[in-house]
Amino acid sequence: MMNEFSKALSVSSSALRAQATRLRHVAENISNADTPGYRRKTVPFRTTTEIDGPPGLVTTGRVHLDRSDLTAIYDPSHPMADETGHYQGSNVDLMIEIADAREAQRSYEANMKMFDQARQMSSSLLDLLRK
Amino acid sequence: MFTDLNVFQVAHAMAAHAGHRQALVSRNVANADTPGYTVRDIEPFASAFETDSGGFAAKGSRPGHFGQSSSLGGLWAEITPEAPADPNGNSVSVEEELFKAVEVKRQHDRAVAIYRSSLNILRTSLGRS
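Going down the list, the sequences are from chains D and X. Going by our numbering, the letters in the first sequence line up with residues 1 to 131, in that order. Going by our numbering, the letters in the second sequence line up with residues 1 to 129, in that order.
Chain X with its partners taken away, still in its complex shape:
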C-alpha cells in the first residue's frame, strides 16, 4: 500500500477528475439559458481509470514521468451526452446538472477523505501524531 504511495496518486487523480467535472457542470448550468449550447461532460472516473490503468501498476502522476497515463495526468475524454434539445437548441437540463453536481461533490469528498486518512496512517507509522 505504501511502498510506492499509489493510494495518494489515485486519490489525487480522483480529486482532479472531480475538479475538472465540477468546472464542466458549472459551465453547463451557467449556459442553461444560452441558445444553441450543447451540454458537455467527461467520462466517469471509474471507467476512465479502468480502461487506463489495468490494475494497480505504478503510474506516473505528471507529464514526464515514465508510464504516465491519461487518467492521472488530468486529461479525460470529453463527451457530449445525448440529450433532447429545447426549441432554441439548448440541451442543458438543470435537474440533471444538479444531480451531477452532487455526484461530483461526493466523489471529491471521498477522495479528500481517502487522502487524509492515508496521510494519518503514514504520519502514525512515522511516529508522529
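The following block holds chain D by itself, in its conformation from the complex:
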C-alpha cells in the first residue's frame, strides 16, 4: 500500500525532473536565438522498462541538434559575412520554443498536482493511526 504511493511519488518526481530538463534546453535555445551558427537542441523523453530500474519512470535521452537549415541573414557589415553579404544565424524559431516552454510548464503543473495528491492520500492514511 505505502509502496504504491512511493511508486506514484517517484514516477511524478521523475516526470518533474524530465520537464525541468526540457525547460532548461528551451531556455538555452531562446538565449542563443541570435548566436550565429547555433543549432537548436531537442531532448527526447523515454519511459523506463523493467530492464533499467523501476518501470514507468520518465527519463530524458541524449540531446539532439536540430539538423534543419540555418537561416541566412543579410548583413554585409557583419564580420562573418561572406561575399554575398550573408552570414549564418541560428535555426531557433522563437514561436516554437515558447510553445514548447508553455507545454512543459503545463505538464510540470499536472505532475505537481499528482505528486501533491499522492502525498495527501498517504498522509490521510497515516492519520488513521493517530487517535
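To be clear, the hints were calculated from the coordinates, so they are not data collected in a lab. Mixed in with the good hints there might be a few duds.
What the hints assert, rightly or not - Some chain X residues close to chain D (C-beta under 8 Å, calculated; not the full set): (1) GLY19; (2) VAL94; (3) ASP109.
Glycine residues also receive a C-beta, built at the ideal position from the N, C-alpha and C atoms.
Chain X: place on chain D using the hints.
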C-alpha cells in the same frame, strides 16, 4: 456487521484499489509527453468487487487466507482503454487523467472515512471513547 469485521476488509480493499489506481494515473500523467506511450488503467472498484465477491461472504484479506479473492488481495486486471493517439503515438489525455485523479481521491477519502467511523463504533462498543 462486526461479527467478522467485513467492513474493515472492504474499506481496506477500496483504499488499496485507490492507491493502486493513483500510481497508474501518476504514471500516465508523467508520460503525457512520451512518444509511443499507451494509457493504462485498472477496472473500477465496484465492478472488480462485484464480479469477485458475489455478495458479502467472508473473504480472506491476504495471500494464504482461505477463500482469498483477487479484489481484496490487491490484484486488479489492468486494462488499456481505447483512446485516440496523437501523431507521436501517445494516447494520454491530461484532462481525462486529472478527472480520474479526482475520482481516485474521493474513493480513497471515502474508504478512509468508512474505516475511521467503523473504528469509532468499535471503540465505543468496547467502552472507550
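>> Min Cβ distance, X/GLY19 to chain D: is it shorter than 8 Å?
In response: 4 Å, holds
> Taking the closest Cβ pair, is X/ASP109 under 8 Å from chain D?
Replying inline: Result: holds, 7 Å to nearest chain D Cβ.
> Per the CB criterion, is X/VAL94 less than 8 Å away from chain D?
Replying inline: Hint holds; X/VAL94 Cβ to chain D Cβ min 5 Å, cut 8 Å.
Consistency with the previously given hints is maintained throughout, with no hint failing.
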